[in-house]
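Novice: Residue numbers (the working numbering), protein chains in the order written: chain A, 33 to 367; chain B, -4 to 339.
In short, the hints are calculated from the structure, not lab data. Where hints are given, some of them may not hold.
Covered stretches of chain B, going by a simulated chain A footprint (3 or more residues, C-beta under 8 Å) [what the hints assert, rightly or not]:
1. 243 to 253
2. 287 to 297
According to the in silico footprint, chain B covers these stretches of chain A (three or more CB under 8 Å from chain B) [to be verified]:
3. 85 to 99
4. 165 to 177
5. 220 to 233
6. 261 to 272
Quick caveat, the model's predicted, so the values are computed rather than measured. The beta carbon of each residue, even a glycine, is placed where N, CA and C say it ideally should be.
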Amino acid sequence: MSATRTVAVRTRLTELRGTGLLRTLGLLALLIITAGFWIFFSAFATGFTSDFNLFFLLRSAAIAVTIGFAQMVVLSIGDMNLSVGAIGGATGMFAGWLMQVLGVPPALAVLLALALGTSLGFGNAALVVWTHLNSFIVTLATASLITGGMLILTRARPFSNLPDSFLGIAQIELGGVPVAPLVLIMLGVALVLGLVYRSTSLGREMLAIGANRQAARMSGLAVGRIVLVAHGLSGLLAALAGAMSVAANNTASPGIGSDWVLASFVAPAIGGTLLSGGLVSVSGTVLGGLLVATISSGLLLMNVSNFWLSVFLGAVLLLAVGLDRITRTVGGAAS
Amino acid sequence: MVAIWRRMSGVALGLLIVDLAGALLLTVVTPSFTSTYNLFITGRDFSILLLVALAQMIVLAVGQMNLSIGAIGGLVAIVESGLMVSYDTPVVIAIACGLVLGAACGAVNGLLIHWTKVNSFILTLGTSYVFAGVNLGITHATPFYHIPGAVASFGQARIGAFPEIAIVTIVLAVALAVFLRQTVLGRQLLAVGGNPVAAALSGLPVRRVIVTAHGISGFFGAVAGTLLMAQLGEGQPTIGVTWILPSFAGPIIGGAVLAGGSAPLLGTVFAMVLVSLISDGLILVNANPYWVQFFVGALILGGVLLGRVRAVGLRDVFRLKSTAPPVTDRPAEEPVPRRPAEQK
Chain A
33 MSATRTVAVR
43 TRLTELRGTG
53 LLRTLGLLAL
63 LIITAGFWIF
73 FSAFATGFTS
83 DFNLFFLLRS
93 AAIAVTIGFA
103 QMVVLSIGDM
113 NLSVGAIGGA
123 TGMFAGWLMQ
133 VLGVPPALAV
143 LLALALGTSL
153 GFGNAALVVW
163 THLNSFIVTL
173 ATASLITGGM
183 LILTRARPFS
193 NLPDSFLGIA
203 QIELGGVPVA
213 PLVLIMLGVA
223 LVLGLVYRST
233 SLGREMLAIG
243 ANRQAARMSG
253 LAVGRIVLVA
263 HGLSGLLAAL
273 AGAMSVAANN
283 TASPGIGSDW
293 VLASFVAPAI
303 GGTLLSGGLV
313 SVSGTVLGGL
323 LVATISSGLL
333 LMNVSNFWLS
343 VFLGAVLLLA
353 VGLDRITRTV
363 GGAAS
Chain B
-4 MVAIWRRMSG
6 VALGLLIVDL
16 AGALLLTVVT
26 PSFTSTYNLF
36 ITGRDFSILL
46 LVALAQMIVL
56 AVGQMNLSIG
66 AIGGLVAIVE
76 SGLMVSYDTP
86 VVIAIACGLV
96 LGAACGAVNG
106 LLIHWTKVNS
116 FILTLGTSYV
126 FAGVNLGITH
136 ATPFYHIPGA
146 VASFGQARIG
156 AFPEIAIVTI
166 VLAVALAVFL
176 RQTVLGRQLL
186 AVGGNPVAAA
196 LSGLPVRRVI
206 VTAHGISGFF
216 GAVAGTLLMA
226 QLGEGQPTIG
236 VTWILPSFAG
246 PIIGGAVLAG
256 GSAPLLGTVF
266 AMVLVSLISD
276 GLILVNANPY
286 WVQFFVGALI
296 LGGVLLGRVR
306 AVGLRDVFRL
316 KSTAPPVTDR
326 PAEEPVPRRP
336 AEQK
């Protein structure tokens, strides 16, 4: 029984990996599209290639990618996390409160905020695992609890007196290049996540659960523990994105995270992460976040109304999931 | 009345009792609860939010979701008020255009989901941004003020404590109940939600059912947007942005199953009464308004937990390695097999 189940999981995972060539082509296409937008905006959007603009573009890309990672890790196990924005906002406010009101050193404040984010993620996981409730409804409810709790405690007052050493991660340029330190943080996170999914048993187990949870459970994987890790990681990454946003905005404001739902799905979806689980692409998520930031920045410089950006992002998401669907159908037929 | 009583589910009955207890408590604690004006305001907000919840309930019934209800409501309100204010369109025509647009937006959701087989959550998340973007692209976030007096006064009209817009809600809720119980399409809708594969194999028109469910959802969202526009007296572009939580709170607390196949109309009604009582109670005792969001989140969690307890029993709910299959999970994108050709 267990052996056949293991085979079932393996087959499903191989099937998903069978789309490898298509996925490489997809990543290449994404790279070409992103490059195309860069060429287009360099030519037609005045100031696109200025150091000033590149600094902001890369910074917002780094935040978008981190938000995307927070969603990607739960998508990998076939769950979703609607509380990414709520966790980012609440932990950002927590970090701001620690630094401004209690005078906690920035490094410690960020660590505590990350710990809070992780525990909120664990809370989601506990509800999902112990009760078998759908992750959508659990995280919809916890998002409302977390945001509500944050607003009650802070009375929606922002913290805008933050130490320069903290704001530096988003405000200073590294060695004369228009790159904020948080871009490097994002790349470091990407590297770690890439390693986790490529070469660790934890990463493979997460994907196995995402591919077929029932079969993974039957073949003896500790599903509960792995779900706990994935949701905890999601909370950690959401908190990291929250800290980044606070530094980028100079202020811990209660509105942070309120518009992350779409952003969190767009970057992984464009990058080829399967929304039904079992397949992730770390480099795709990075490119996806970069593409979104590029288009936002370019359209802004070309004075295209910000509101049409929302139409555009919605359309991009629909297109990406449509392609995702086609890739899978073709890949499934090929294997 | 007796028939309704006999058909009432355990959840609906439980919620009704909680509602009555809550109303009694509020009457005792805060005398202003029973004032005509407070009852009118509460009833008016309830009338609109109930439509939003029913819009979600009907798509949950086919095992799908609609995250774009608020975006549809906002877009419809803007189109209607824009037609009335900027183009002097007669009220009836403007509202008819808006409602048709809302139903069409919903139907497009349904068609796209059926054709692409993309998870309804992601698809309607995408279309919600498209609808909201068009709304803001048209208005640039500026409301259409000065809608015709007839519309605005309907939004404020009352008979004693009874808000006139509630008539619309009552008529639509009853019509929905009749549709689900008495019509072939309504029965097919619940059958498709219960088991889409079996429904497709037995020859039910799955596409028509899905498109109908989403069309009704869009229509209800559009009516809610219209009523809120009438109540506010202007076409606010922000109409609908906060509807996601209440839309799920009603049906989920009311006993709907995410996997589909159930449409607990009475449960949804009583759940929304509870949500309204809590919001109103918190306002009356001058609590921090953010408690409302907190409580609604807690109610949803409590509601689904109770549902789980009813399904598998208290002892199994928190058992870590339960062998019972999860009742609320179903592969979101299960392919629907075509009917074999020889059966034709």
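Novice: Count the residues of the segment 243 to 253 of chain B whose Cβ falls closer than 8 Å to any Cβ of chain A, and tell me whether that reaches three.
Specialist: With 3 residues closer than 8 Å to chain A, the segment 243 to 253 of chain B meets the three-residue bar; holds.
Novice: Are 3 or more residues of the segment 165 to 177 of chain A near chain B, judged by a Cβ distance of less than 8 Å?
Specialist: Our answer is that it holds, as 11 residues pass the Cβ test (under 8 Å) against chain B, meeting three.
Novice: Count residues of the segment 85 to 99 of chain A with a Cβ under 8 Å from any Cβ of chain B, then say if the count reaches three.
Specialist: Answer violated; 0 residues pass the 8 Å Cβ test.
Novice: Mind taking a look at whether chain B covers the segment 261 to 272 of chain A? Criterion is 3 or more residues with CB to CB distance under 8 Å.
Specialist: violated (count 0)
Novice: Quick check: the segment 287 to 297 of chain B, covered by chain A? Criterion 3+ residues, Cβ under 8 Å.
Specialist: holds (count 9)
Novice: Tell me whether the statement that chain B covers the segment 220 to 233 of chain A is true, taking a Cβ distance below 8 Å and needing three residues at minimum.
Specialist: violated (count 0)
In summary, the structure is inconsistent with hints 3, 5, 6 from the numbered list given earlier, while agreeing with the others.
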